[in-house]
Amino acid sequence: MSQSQTFEKKLAELNTIVEKMEQPDVGLEESLKLYEKGIALTRECQKIIDQAEQKIARLLDESN
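When we follow the numbering used here, the leftmost residue of the sequence shown carries the number 64, and every step to the right adds one.
Check before you lean on any hint, since a few could be wrong.
[What the hints assert, rightly or not] As a list, the in silico BS3-like pairs of lysine-lysine whose alpha-carbon atoms are at most 27 Å apart: (1) Lys118 with Lys72; (2) Lys96 with Lys118; (3) Lys100 with Lys73; (4) Lys73 with Lys118; (5) Lys83 with Lys118; (6) Lys72 with Lys83; (7) Lys96 with Lys73; (8) Lys96 with Lys110; (9) Lys72 with Lys100; (10) Lys100 with Lys110; (11) Lys96 with Lys72.
Just so you know, the hints here were simulated from the structure itself, not pulled from any lab data.
This one's a predicted model, so the numbers in the text were calculated from it and none came from an experiment.
Given the sequences, and given the hints that come with them, work out the whole structure.
What follows is the structure in structure tokens.
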């Protein structure tokens with residue numbers, strides 16, 4: 064369960080970053096920092112999703 068919460072927190076942070084980047088008053092430097100953080104969070108979320116998919120596949124294999 065804690066990994067799911069971690070995923071949810073990361074996703075919420077990613078959504079916050081997107082909202083900030085959509086603001087017209089965000090400068091180039093800040094946009095780059097936000098973009099880098101967003102890419103890192105996206106990779107972390109994708110890793111969590113990949114692990115969950117692998118676990119589901121294992122569980123399905125075990126049940127067959």
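So, going through the hints one by one against the coordinates:
For a cut-off of 27 Å, the pair hint linking lysine 118 to lysine 72 stands: about 21 Å separates their Cα positions. For the suggested pair lysine 96 and lysine 118, the alpha carbons sit about 33 Å apart, so the restraint of at most 27 Å is broken. The suggested pairing of lysine 100 with lysine 73 holds, with an alpha-carbon distance near 11 Å, which does not exceed 27 Å. Pair hint lysine 73 plus lysine 118 holds up; C-alpha atoms about 20 Å apart against a cutoff of 27 Å.
Distance restraint check for lysine 83 and lysine 118: the Cα-Cα separation of roughly 34 Å exceeds the 27 Å cut-off, and the hinted pair is therefore not satisfied. For a cut-off of 27 Å, the pair hint linking lysine 72 to lysine 83 stands: about 17 Å separates their Cα positions. The straight-line distance between the Cα atoms of lysine 96 and lysine 73 is roughly 16 Å, inside the 27 Å bound, and the hint therefore holds. For the hint linking lysine 96 to lysine 110, the alpha-carbon distance of about 21 Å falls within 27 Å, and the restraint holds.
Among the hinted pairs, lysine 72 with lysine 100 is consistent with the structure: their alpha-carbon atoms are about 14 Å apart, no more than 27 Å. A threshold of 27 Å between alpha carbons decides the hint, and for lysine 100 with lysine 110 the separation of about 15 Å falls inside it, so the pair holds. Between the alpha carbons of lysine 96 and lysine 72 the distance comes to roughly 19 Å, so the proposed pair stays at or under 27 Å and holds.
Comparing the model with each numbered hint stated earlier shows that hints 2 and 5 do not hold.
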